[in-house]
Every structure is written in structure tokens, then in C-alpha cells.
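There are 2 protein chains.
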Amino acid sequence: MMDKKLIGIDLGGTTIKFAILTVDGIIQQKWSVQTNILDEGTHIIDDIVASINHRLALYHMQPEEFIGIGMGTPGSVDIEKGTVIGAYNLNWNTLQFVKNQVEEETGISFMLDNDANVAVLGEDWMGAGKNSKDVVFITLGTGVGGGIIAQGQLIHGTKGCAGEIGHVTVDPNGFKCTCGKRGCLETVSSATGIVRVARQLSEEYVGNSSLKKAIDEGQAVTSKNVFNYAELENDPLALKVVDRVCYFLGLALGNIGNTLNPNSIIIGGGVSAAGEFLRSRIQTYFDRFTSPQVRESTKLKLAQLGNEAGVIGAASLALNYLEN
Amino acid sequence: MMDKKLIGIDLGGTTIKFAILTVDGIIQQKWSVQTNILDEGTHIIDDIVASINHRLALYHMQPEEFIGIGMGTPGSVDIEKGTVIGAYNLNWNTLQFVKNQVEEETGISFMLDNDANVAVLGEDWMGAGKNSKDVVFITLGTGVGGGIIAQGQLIHGTKGCAGEIGHVTVDPNGFKCTCGKRGCLETVSSATGIVRVARQLSEEYVGNSSLKKAIDEGQAVTSKNVFNYAELENDPLALKVVDRVCYFLGLALGNIGNTLNPNSIIIGGGVSAAGEFLRSRIQTYFDRFTSPQVRESTKLKLAQLGNEAGVIGAASLALNYLEN
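Keeping their order, the protein sequence lines are chains A and B.
Quick note: the numbering used here has the first sequence finishing at residue 497, numbered continuously throughout.
Quick note: the numbering used here has the second sequence finishing at residue 497, numbered continuously throughout.
Same shape as in the complex, but just chain A:
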């Protein structure tokens, strides 16, 4: 008798990624379909169910061969009921009964959680977290999100907002955030936040700088450009921008370290492609802003799974919560 398998789903606004995994976290099959957000996203669950059933038929697999399906989704999740609301990039404005439909139409148990939470599960299980029971994950992308595992449990908070690290206040008089308050970490360390810091520092900067020139000439500067100018050209303004961004990240992550003392804080998302150049500079400020015991015991790491964190984490959701 073969070991049972897991299905992990990473539901995003552009594509839906699927994978079949072993209970050891090894991906055996993976595929994806485009997300059809038309008609208020009413096709999405139909498409997910159809795609799973099609693949199982293709691989001659039965529902009984699976422990369960796990899924990461945008929006506000009710884990117990298996519902989602307010996933605006999916056009899901009304309550979606995801779990009921998927279980009914596939015959496989289903569990879902917020996509940022699922990513931390993935990085913890098969990536940089190395299966630690205390891990914090921060994702630096279009926005800044995060997830917290404490003593082996994903932490949700009383209204599901735990881990929303992007809205930690790092600069009380700083930029206005989409959430309505000022100085959120997201305003200075998301991909667009980094460009915002670059534009601000550029205004007051006097001297030679390719970054300043690009901004002044109205070029479409990205956060990747900022890191490239800094790392490859030693551009003095770009270095200042990176330093400012890393100061805020070091302050926020340092205080998360002081509060939770996790084994590791893992930095992922598109901006983390800047790699060790970014990590080491955050570390400098992290060290300044943490108490000695936290500085010694909480490690700052780069994410390892990239794009696959979602499906792997989703599968671990099934493994951890549906096994019995």
C-alpha cells in the first residue's frame, strides 16, 4: 500500500497553481491554470474542481489516495467554515463557500488559509525555516505581508489580522498608507515603497547619481533598479535608499524579534531577490534594535522556496490539519 498523497493549491489573481506532493513535501506533479475572475469570480471554484478531477483521471488516482487538499487564498478566511470573503483581486466580494463545494465535488477533505500564512508554512516545512516551531515570514512584494508560526501553530489573531507585518508603524510621521494610517512598513519597503523612498531622497540629494538622473529624466524606476544601482554601481543615492529601507526593516523585524523571539525570520517576496546584499543590511539594523538574547537566538534568513512556497505550504496545511 502506497503512502497517501497531498494536493496543494496556490490561488492567485492571475494563475491557480496546483501540485501533488508526498507527505515528505516532495512535489510529484505540478500544473497551473489561468484564474478566470469574470462574473464575480464565480468560475474559480468550478475551475479548481474540474482541474483536480481531470488530473486525477489522467494519473489514474482515486480520492482515497489523498490525505486532503490544502489551499492558500487572498482575502479574509474563515478557517473552520472554509469560506472566503473580500478577495478583491479575484472579484470575490461576497461570501464564498469554498470548502463545501470542493469536498463535495472531489470527494477529498479540504482546508484553506490566507496566502501569506500558507507561504510561512511552506518555508517552515521545506524551506529556510527547517521545520522550526517558531518562525516569522515577511514577504516584500507589491505589498508587504507576513505570517507567524509560534510553538508550531499558525497564529491568526482574534480577527485573522495576525502577521500583517506590513502595517507595523515604523515612521510615525511618514508616508500615508492605503490602510489610512501613516508610516506603515509597507509604505517604505514594498516594491513601490522602495521607489517612494528613492523619490523622496532624490529630491534632497545633491551630487552625481545614476539613480537620481533616471528619476529626474522620468524613467520608470523600479525597486530592482534601485538595488542594481546600489549593488553593481555603488551609486551613492541608491545606497542611501537601500540603507533607509533596511533601517525600517531592521526596526520592524527587530521588534518582532523582541516580541516573539522566533528561531528565524524569513524574508521572501520579489524584493528579496536582492539576496544577501539586502539581508546583510537588514541584519545590521536588526542587531542594533534587538536585545542581546534575541540578537543571538533569532536568525534573519532569505526565503528558499520562491514560487513554490504557496503549493508546498498549502499541502502542509492538509498534512497538519486533515491527517486524522
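What the hints contain is simulated information worked out from the structure, not anything from laboratory work.
Check before you lean on any hint, since a few could be wrong.
Same chains, same names: a pair is fine if it fits in one copy or spans any two.
Claimed, not checked - Calculated pairs, DSSO-like style, for lysine-lysine (alpha carbon to alpha carbon, straight line, at most 27 Å): (1) Lys254 <-> Lys472; (2) Lys386 <-> Lys349; (3) Lys254 <-> Lys306; (4) Lys349 <-> Lys472; (5) Lys413 <-> Lys386; (6) Lys306 <-> Lys332; (7) Lys303 <-> Lys254; (8) Lys203 <-> Lys413; (9) Lys178 <-> Lys254; (10) Lys178 <-> Lys332; (11) Lys254 <-> Lys177; (12) Lys190 <-> Lys177; (13) Lys178 <-> Lys472.
None of these values were measured; they are calculated from a predicted model.
Assemble chain B onto chain A, guided by the hints.
Frame of chain A, contents of chain B only:
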């Protein structure tokens, strides 16, 4: 057959408090003995054991009538081994095998944890937490400590430093802290921290103020004086000091709210005697520094148990971890 009972112990540098409680958290007996820290604190566990055995004989109770003994202690705790080290106010500089000795000499199961963690258990169980599964406790006393319950579990962190809220950085260029870094919450919101802020603001203050007068005359100003001048006399400098202190508390607690989204954050310790006058002013800044969803769902509350939080929380440690 009677329900089994719990014993809670709150071990402090001055007194050791004991209580016998029902499984509903009702204190049936309480007593205390002085802490004898002589001879490197070697008498402390002997005294605890003797006091328990004496009381059980007095009340004609047997070890079998107890689920267990819980204890809160200063210092670094190894929960599994039941040992303590580095409790300097007890003169415990070497490893203390607390659990082994207590269990052997009383015949009752024993469990211990850090005193700040035990206080949050107490406030959660029988005080302001109302048995929520997500509660953060901050104690404003000689120092600033804290404890975190997330999803029903006390959070310890990888090296037991979780909940050390006193070392969250709130003012990167602020006062130097005993921990070695700058601008820790403790430096501006402990009893001595509040006086430090008062002295700093007094130097730059021009105008009539009883607080400034007291400081300039070299009187021994306490944090309680500061709050009294502010609340009872509307002293303009004292009001500024309270505002500054509450700004830092609102920033730190707001960010803990943004990170963990607990049901409540409970404010205790000696400084919290300032009551609603203090809480409402922290709330103002908490509201400024939290995202809208956290602002709506995470409540700031005053502690309710006062001195008894320790023994009640210690008893709940026994109830939660020793029942089986």
C-alpha cells in the same frame, strides 16, 4: 468525591505567595512567607516545600487531593526540566532543580514558568482576559515585562525571550537601556523610566509647574507623583510627560496589535494604578498606530487581579499542563 484542587505559588524577591484554588479559579486559602535569599538562595525551595507540607497537615489534606502545583518565578526557566537559572533577586546564579525537589518532597506534580508569563495566564483566566485564547499582558513596574498567549498557548520563543515587551525599541535615538541598546520601551515607561522622561522634559520646560518645581528642588519624584500632578492638578509639565509616555506605549502596543491581533492587551503592574487616566491616553495613540481592523478588534484593558495574578496564573499552569 470532592473535585481536586490546585496550588499556585508566586515566588518573588521579597515574599513567596501561596494559594489553594478550586479548578474554577476560586482562592480557598492563601498565605505567604518571606523569601530568604541568604546562602545563594539555597533555603528557598526548602522553605516552599516546608510551607506546603505544613499547610496541608493543618488543613488535613493529602497530596492526592491536588492536580498539581504551579509556580511563577523570576529568572530563565527550563519548563520541561523544571529548572531555573539567573534569578538575581533570589541570589540564584546557578542552576536550580526546582521541580525535582518539590515533587519529591511534596508528592504533588509541579510545573513552573516565568513570572510575567504566569501573570498573563492569571489575567487571562480570572481577570481582564476573560479566558480569551489571544491575549497580551504588559506589566509596568520597576521594569517592563510581558507575556503572550496566542491561540491558547503561552508563547516562549526559541530562547524563552518572547513577551519581553520592555525591550521593544520605541525611540531609536532614545535613552540607553540596561540591556545595552537604546530607546527600549522600558526606558520610558517603567516607574523609573517615567521619572526619566519627566526630568528630560523638565529641563526644556519653561513655565509654571509643580512637577518642575519638585524636580528642581531635588525632591524624590516618583511616577505616581507625575500621574498625580497630571490628573489632580492639571500640571502642564506632568501632562506633557504622561502624553509622551503614552505615545511610546501606544506605539509599542499598537505594533504588537498589528503583529498579533490579540483579543486584548492588558496593562498591569504598579504604574497601571493610574487606571483609566493612563489607559485612555494610551488608547489615543494605539488608535493612531494600528490598522483599522486591529483598532476595531484588539481591546486595551486594565489588569483586574492586582497582586493575586501570580498565584492564580500559577494555579492555571497546573490546571492546563498537569491535569492528565
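Against the structure, the hints come out as follows:
1. Lys254 <-> Lys472: Classified as between: cross-chain Cα gap 25 Å, same-chain 36 Å, threshold 27 Å.
2. Lys386 <-> Lys349: Within. Shortest intra-copy distance 26 Å satisfies the 27 Å Cα cut-off; inter-copy 41 Å does not.
3. Lys254 <-> Lys306: both (26 Å within a copy, 19 Å between copies)
4. Lys349 <-> Lys472: Answer is between; shortest inter-copy Cα gap is 24 Å, intra-copy 31 Å.
5. Lys413 <-> Lys386: This pair counts as within: shortest intra-copy Cα distance 15 Å, inter-copy 45 Å.
6. Lys306 <-> Lys332: Both: 23 Å inside a copy, 12 Å across copies.
7. Lys303 <-> Lys254: between (30 Å within a copy, 25 Å between copies)
8. Lys203 <-> Lys413: neither (42 Å within a copy, 61 Å between copies)
9. Lys178 <-> Lys254: within (24 Å within a copy, 38 Å between copies)
10. Lys178 <-> Lys332: Close neither inside one copy (32 Å) nor across copies (35 Å); limit 27 Å.
11. Lys254 <-> Lys177: within (25 Å within a copy, 37 Å between copies)
12. Lys190 <-> Lys177: within (21 Å within a copy, 54 Å between copies)
13. Lys178 <-> Lys472: So Lys178 and Lys472 fail the 27 Å test inside a copy (32 Å) and across (43 Å) alike.
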